[in-house]
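A.B. asks: Chains D and A are the protein sequences, given in the same order.
Heads up: the first sequence at position 201 corresponds to 190 in our numbering, and the numbers run straight through without jumps.
Heads up: the second sequence at position 256 corresponds to 257 in our numbering, and the numbers run straight through without jumps.
Heads up, a few of these hints could be off.
To be verified - Here chain A is said to cover these stretches of chain D; the calculated rule only asks that three of the stretch's residues, wherever they fall, bring their Cβ under 8 Å from a Cβ of chain A: (1) 98 to 106; (2) 250 to 256; (3) 264 to 270.
Said to hold, decoys possible - Take a look, some chain D residues computed to stay more than 10 Å from chain A by CB distance: (4) Pro77; (5) His92; (6) Ser115; (7) Asp260; (8) Asp391.
Just so you know, the hints here were simulated from the structure itself, not pulled from any lab data.
Just so you know, these numbers come straight off a predicted model, no measurement behind them.
Note that CB positions come from ideal geometry on N, CA and C, so glycine has one too.
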Amino acid sequence: MNDSSRQDLAFLRGMTGRRLGRRDALRLTGLSAAGLALAACGVQGKSVARPTSSAQVESEVDKYWSGKVKNGHIDFANWPLYMDPKLPELKEFTKRTGITVNHKEVIQETTSWYAKIQPQLAAGQSIDYDVMIVTNSFQLTQLIKLGYLAPLDHAQLPNFAENVGERYKNEAFDPGNVFTVPYASGMTGIAYNPKYVDTPPTSYAALWDPKYKGKVGMMADSQEIANFGMFALGIDPDKSTLADWEKAAAKLEEQRDSGIVRKYYDQSYIDPLAKGDIWITQAWSGDIFQKNLSDGTDLKFVIPDEGATIWTDNFMIPKTAANPVDAIMMIDFFYEPAIAASLTEYINYVTPVPAAKEIIVEKAAKASGEDKKTLDMIASSPLVFPSEDDYAKLRTYVTFADSEEHKKFESVFQPITTS
Amino acid sequence: MSRRLRAALTPYALIFPGGIWLAIFFVVPMVVMLSLSLQSGSVEEGYAFAWNWHSYADGLSNYHDQIIRSVIYGLASTVIQIIIGFPVAYWIAFKGGKHKSLYLFLLLLPFLVSFVLRTISWQFMLSDNGILLGPLKSLGLLPEGFRVLATPYAVIGGLAYNFLPFMVLPMYVALERIDPRVLEAAQDLYASRFQTFLRVVLPLSLPGVFAGVLMTFVPATSDYVNASVLGGTNTTMIGNVIQNQYLVTQDYPTASALSFTLMALLLVGIFAYAKALGTEDVLEVAAR
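Using the sequences and the hints, build the whole thing.
C.D. replies: As structure tokens, this is what we get:
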């Protein structure tokens, strides 16, 4: 949910775009014509060409990192429940390096977070965070395109090079990991409450089944529903076209208009699922796993036969960060297998460090009772460590060429959820 | 400074802080929004001013359903609030005795809790198998598939609940000001209690009702929290659409155009309403 405080002054300030220069200010005070005042409020955007050759990348990296020094502090913007609240990993990091970390759970949603930081970044100001976690999305692509992110110096990321699985290097949204490196990945699939759903669903058709009328939850996010509509029709979202989107939209509209969908949710679908307000829903893998572990519920998550979506949350450093050297040290620290394992044990999302699995298996062998059960569950869960077969069924979000295409996409799918 | 000059300047000095505040936080954003609504471009290329009236036409043609729905929800919730609120205001004003302020405080007490939290607490109360519907269903008084959440009724109910004090307070103020001697006079002239109410109390309370309607109908119509927390499919209000256009699509021109359309609609509605009630000066009544 978005509370109104998010649309704060920074946002309005951003709408006015560039700072008023002296001449502009004079012109404004004159207010010779109302039209002039109106025109002064343009919103600036500046697309920056992505460095194409490796030499270009290198020179960008050198330019950014030369003269930057360690300052002993990091401000870290993360999502809620995306790290053990006792912060064991960060404490270990501080113990080893002396760098203190101020970890804030301030990101609730990619879109609203982007809307919040974009004005400051556009004005070349600090957003008060040195490192943040953003999901691959249209907004992430924009952060890169508009030149808001620091190019990463891979010489300072030895653990990344050594420990991260090939699959998580070179992702389509940031080839060569020039600006981003993965934090964790997750899947969007179907979750259900076995108290009400007796036959485990294996296909997207279950979400269109009239016997669950009024008890089906879908997500409000256009990308998520779009993918589900396409999977249900056997279309590969990676290769989809405008015509495919329209077909998927029609399918989703049919589902809504026949009263099957109860509501389009943000992350708030979990409680209604546990309470029985909805019986079967679109869901993110880690959410269901976490809910079961923390509240003792018995919710189930399945990856349907047609396939599912995989997304990646990524570390990135805003160009205007005050402490980039400290930030990149911390990022690399998270790729130590032991640290990755410890993080995974809490968040239950897919780790980009495959070696973490062995560590968890070893730990499980030494543990006993409830702990052992939990650790075994994590190590054997396809939601945390997907097999090659699982990966073969996973697809990514639609990547947009430009904002025009994104607008088109939204105009096809948004009317479904904002009916 | 002569006394005369000072006397002449005093009103301006008094209005200065408020005026500056309004200029910075109301007029400037309005101009910015108006400008935005007429711009064209994209997030990457930037938006430039272009007298682009398209956004208004597009907004209206794509979202007229949501606009109409918002007005209907706003009206429905306002009517409910009058029906619930008037007896409360009447009772506190005439029967509250020396505890009047205590009752008013009790009325406001729930509103010390955050707006969003209050709305979410409705989710718990009204959940399909929750504390309210669960027992009724197991007693067989309600069919298994019955639900309140994710329906228009939940949204309208939430709106009525959330804005109720803004309806009760002005009505209370109007009722409280009624001179008891007027009521005595009515009785002296052999009016029955019902006639007294209908011909004396009710007309005298109308300015309060009028102000209450202004203070609840406008925010209820543009609200987006209730629809997103308590609504389901086909309950989206125009506030949700505007929020979506700003934050998700980042189509600032359409979002601004929709905001202005909504504002214009509400203004026209309010003035028509004032005319119909025979109150020429809307703002003075609202301030009373």
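A.B. asks: All hints, please: hold or fail.
C.D. replies: Results for each hint:
{"no.": "1", "hint": "98 to 106", "in the structure": "holds (count 3)"}
{"no.": "2", "hint": "250 to 256", "in the structure": "holds (count 4)"}
{"no.": "3", "hint": "264 to 270", "in the structure": "holds (count 3)"}
{"no.": "4", "hint": "Pro77", "in the structure": "holds, 31 Å"}
{"no.": "5", "hint": "His92", "in the structure": "holds, 24 Å"}
{"no.": "6", "hint": "Ser115", "in the structure": "holds, 22 Å"}
{"no.": "7", "hint": "Asp260", "in the structure": "violated, 8 Å"}
{"no.": "8", "hint": "Asp391", "in the structure": "violated, 7 Å"}
In summary, the structure is inconsistent with hints 7 and 8 from the numbered list given earlier, while agreeing with the others.
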